[in-house]
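Trainee: So for the sequence shown, full-length UniProt numbering puts the first residue at 1; every next one is plus one.
What the hints contain is simulated information worked out from the structure, not anything from laboratory work.
Check each hint, because a few of them may be wrong.
As the list claims (entries may be wrong) - When the alpha-carbon atoms are kept at most 25 angstroms apart in a straight line, the in silico DMTMM-like pairs for lysine to aspartate or glutamate are as follows:
#	residue 1	residue 2
1	206	233
2	206	227
3	132	2
4	132	224
5	206	254
Unchecked claim - Distance ranges between label pairs, derived from CB positions:
#	residue 1	residue 2	range
6	30	152	19 to 27 angstroms
7	198	64	42 to 50 angstroms
8	21	212	28 to 36 angstroms
9	7	37	37 to 45 angstroms
These numbers were taken from a predicted model, which means no experiment stands behind them.
All C-beta atoms, glycine included, are put in the ideal place defined by N, C-alpha and C.
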Amino acid sequence: MDADLVAVLRCPVCADALALTDRTARCPQGHAYDLAKQGYLNLLPSASTGIDGDSAAMVGARTVFLGGGHYTPIRDALILNAAASLQPDGEELIVEVGAGTGYYLAGVVGASGARRGLALDVSRYAARRAAKVDRRIGSVVCDAWQQLPLMDNSAHLMLNVFAPRNATEMARVLAPGGSLLVVTPNQEHLAELVGVLGLVTVDEEKERRLQESLSGAFVNTGREVVEETMRLDRGAVEQLVLMTPSARHLNYRELAQRLAVLPEPSIVTLSVTLSTWQLARSDAG
1 MDADLVAVLR CPVCADALAL TDRTARCPQG HAYDLAKQGY LNLLPSASTG IDGDSAAMVG
61 ARTVFLGGGH YTPIRDALIL NAAASLQPDG EELIVEVGAG TGYYLAGVVG ASGARRGLAL
121 DVSRYAARRA AKVDRRIGSV VCDAWQQLPL MDNSAHLMLN VFAPRNATEM ARVLAPGGSL
181 LVVTPNQEHL AELVGVLGLV TVDEEKERRL QESLSGAFVN TGREVVEETM RLDRGAVEQL
241 VLMTPSARHL NYRELAQRLA VLPEPSIVTL SVTLSTWQLA RSDAG
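Generate coordinates for the entire structure from the input sequences, incorporating the hints supplied.
Mentor: Next up, the structure:
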């Protein structure tokens with residue numbers, strides 16, 4: 001991770017700024033954090049919420065599935081909306097909360113020229129992948145439900161794709177005039193697989209809960225539905241299931257039996273909503 005990316009981070013203990021010396025990030029109070037050999041920085045506080053991040057198997061499945069291009073429409077929509085939110089040829093910082101392997105962040109950073117990115121995730125297995133996805137991206141292990149290890153007003157664009165949302169912290173970190181792009185699944189998302197494979201269903205109140213979670217700190221300035229039809233062979237469906245929270249509740253042998261009855265290929269709906277949010281406070285510009 002480059003020193004300029006570490007410079008926008010803050011100590012999870014005292015909230016002082018961090019600076020990188022050799023492979024150690026230190027604050028003026030003497031708290032020190034060594035870069036892992038895989039390139040990420042672990043800033044998970046000792047008093048974290050205890051939320052389990054993606055396992056190594058889940059991250060592996062996610063890497064394979066996303067590498068197949070099945071969720072490219074989501075990434076393309078984020079790239080298009082990010083371009084409208086950033087200054088041409090600027091050097092703004094793009095932060096993704098719950099970045100996973102860094103797939104979406106890498107797409108946005110890669111399409112935006114010289115910009116830098118920070119991938120935040122509670123899973124160290126995901127952080128390992130994100131640290132290697134693009135040299136302009138730094139990878140940090142942290143807890144989205146705690147204080148984010150970022151300086152105030154340091155991010156010009158924030159991404160949140162199928163991930164937890166801590167509105168208070170995201171508002172603190174986002175610079176005035178910046179944007180937050182949020183991707184959430186719709187009821188139609190993967191509907192063809194839910195009953196057959198016993199997947200976790202999308203909450204019917206998800207849109208309302210999104211509005212409630214962000215209202216006060218943010219105002220909604222845009223909304224679009226991204227919907228496509230995917231043609232997935234059984235191997236792709238298996239990786240899709242294994243990368244989601246449903247994987248925590250399924251018996252692998254039972255999953256294999258259910259997969260065997262699926263048509264080859266299976267026609268599966270991708271349906272998400274991409275919403276754009278701006279800071280609601282008076283100094284948002």
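Trainee: With 28 to 36 angstroms as the target window, see if residue 21 and residue 212 comply at their CB atoms.
Mentor: Violated, at about 43 angstroms.
Trainee: Taking 25 angstroms as the top limit, are the C-alpha atoms of residue 206 and residue 227 close enough?
Mentor: Measuring from Cα to Cα gives roughly 17 angstroms; hence the hint holds.
Trainee: Mind checking the hinted window 42 to 50 angstroms against the Cβ distance between residue 198 and residue 64?
Mentor: violated, 21 angstroms
Trainee: Between the alpha carbons of residue 206 and residue 254, is the straight-line distance 25 angstroms or under?
Mentor: Status violated; Cα separation ~29 angstroms.
Trainee: So the hint says 19 to 27 angstroms: do the beta-carbon atoms of residue 30 and residue 152 match that?
Mentor: With Cβ atoms ~22 angstroms apart, the hint holds.
Trainee: Mind checking the alpha carbons of residue 206 and residue 233 for me, to see if they're no more than 25 angstroms apart?
Mentor: violated, 29 angstroms
Trainee: Per the hint of 37 to 45 angstroms, is the separation of the Cβ atoms of residue 7 and residue 37 within bounds?
Mentor: violated, 22 angstroms
Trainee: For the pair supplied as a hint, residue 132 and residue 2, is the alpha-carbon distance within the 25 angstroms limit?
Mentor: At roughly 13 angstroms apart (the allowed maximum being 25 angstroms), residue 2 and residue 132 satisfy the hint.
Trainee: Are residue 132 and residue 224 close enough, with their CA atoms no more than 25 angstroms apart?
Mentor: violated, 31 angstroms
Hint violations for this structure: numbers 1, 4, 5, 7, 8, 9, all remaining hints satisfied.
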